[in-house]
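Same order as they appear, the protein sequences are chains A and B. Residue 123 in this note's numbering sits at position 123 of the first sequence; the count goes up by one each step and never skips. Residue 32 in this note's numbering sits at position 32 of the second sequence; the count goes up by one each step and never skips.
Among the hints, a few may not be true.
Heads up, the list lumps identical chains together, so a pair's fine if it works in one copy or across two of them.
To be verified - Simulated crosslink set (DSSO-like; lysine-lysine; CA at most 27 Å straight-line): (1) K129 x K95; (2) K129 x K103; (3) K109 x K66; (4) K12 x K129; (5) K129 x K32; (6) K32 x K103; (7) K66 x K103; (8) K12 x K95; (9) K12 x K59; (10) K109 x K95.
For the record, the hints were derived by calculation from the structure and aren't laboratory data.
Protein chains: 2
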Amino acid sequence: MRALLCHCRNFKSAITGLSTAPASIEPEPITKDQYEAADAIVALITVEPTDLIQEFAAKVALEIRKFIEQVGHSNVVLFPFGHLSNQLADSGTTKDFFARLEKELSDLKIIRVHFGSDKSLLLDSFGHKGNFRYREFNP
Amino acid sequence: MRALLCHCRNFKSAITGLSTAPASIEPEPITKDQYEAADAIVALITVEPTDLIQEFAAKVALEIRKFIEQVGHSNVVLFPFGHLSNQLADSGTTKDFFARLEKELSDLKIIRVHFGSDKSLLLDSFGHKGNFRYREFNP
């Protein structure tokens with residue numbers, strides 16, 4: 001699992017269509033096509049094929065909680081982002097991971113972005129030390 | 001080497017201070033503290049310790065050129081970004097890599113962002129397919 005966590009003053013994303021790659025992708029139903037947050041931790045996450053789903057969901061949740069405590073903002077955006085690795089888990093595993101991660105953070109204000117779509121993305125990060133944090137978990 | 005290439009309608013970054021981590025970091029002199037571009041390919045790049053500097057600079061330059069041809073915009077932002085890997089090259093190697101990459105692309109309009117500083121970052125990506133591209137090169 002690879003995650004890029006970012007402390008953003010603004011975040012926006014809008015779905016423009018469904019993903020068609022990889023060929024096996026199974027997009028979620030679209031229930032919302034625009035997302036927006038201010039003063040948030042945005043977590044761009046790539047789930048990999050051999051990930052230990054429950055263990056890594058707990059680990060990344062902990063990293064998000066540490067970040068929240070340090071910056072004093074508690075909005076969280078969970079963004080399935082298949083661009084931090086060349087090894088991508090199948091769609092079912094990715095959805096399972098995000099469901100578990102969302103459950104781990106269920107006491108917080110979470111925006112869970114759609115999986116399986118083309119999207120615009122606006123990331124507007126603060127400039128302080130530690131504004132971006134990379135985390136990688138391997139079996 | 002790991003690179004995240006992004007087709008952005010807007011890009012902004014402003015230096016807020018010098019990096020202090022890792023302890024061995026050797027920041028470049030600051031000659032410019034704000035950067036801005038529209039309709040650009042933004043290349044966030046992490047140089048890793050065992051990278052084949054010249055070979056990988058040529059490879060990522062080729063990926064940037066392909067992207068440019070496909071989207072029809074030729075502004076390029078080269079951004080040293082130590083948040084795509086846990087294995088970071090030393091400062092000298094990173095600077096050498098970016099110097100070579102800049103040379104490979106010297107016919108284009110390049111913004112080369114400072115290495116060794118804390119910065120705000122605004123990435124405002126288009127929503128089309130292939131707006132983000134991840135590339136990884138290993139020895």
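Now for the hints, and whether the structure bears them out:
1. K129 x K95: between (32 Å within a copy, 21 Å between copies)
2. K129 x K103: neither (29 Å within a copy, 30 Å between copies)
3. K109 x K66: within (15 Å within a copy, 40 Å between copies)
4. K12 x K129: Both. Shortest intra-copy (23 Å) and inter-copy (17 Å) distances satisfy the 27 Å Cα cut-off.
5. K129 x K32: The answer is between: 19 Å across copies meets 27 Å, while 33 Å in one copy does not.
6. K32 x K103: within (20 Å within a copy, 44 Å between copies)
7. K66 x K103: within (17 Å within a copy, 41 Å between copies)
8. K12 x K95: Result: close within a single copy only, 21 Å intra versus 33 Å inter.
9. K12 x K59: within (26 Å within a copy, 32 Å between copies)
10. K109 x K95: within (19 Å within a copy, 40 Å between copies)
Hint 2 alone, counting from the list given before, is not met by this structure.
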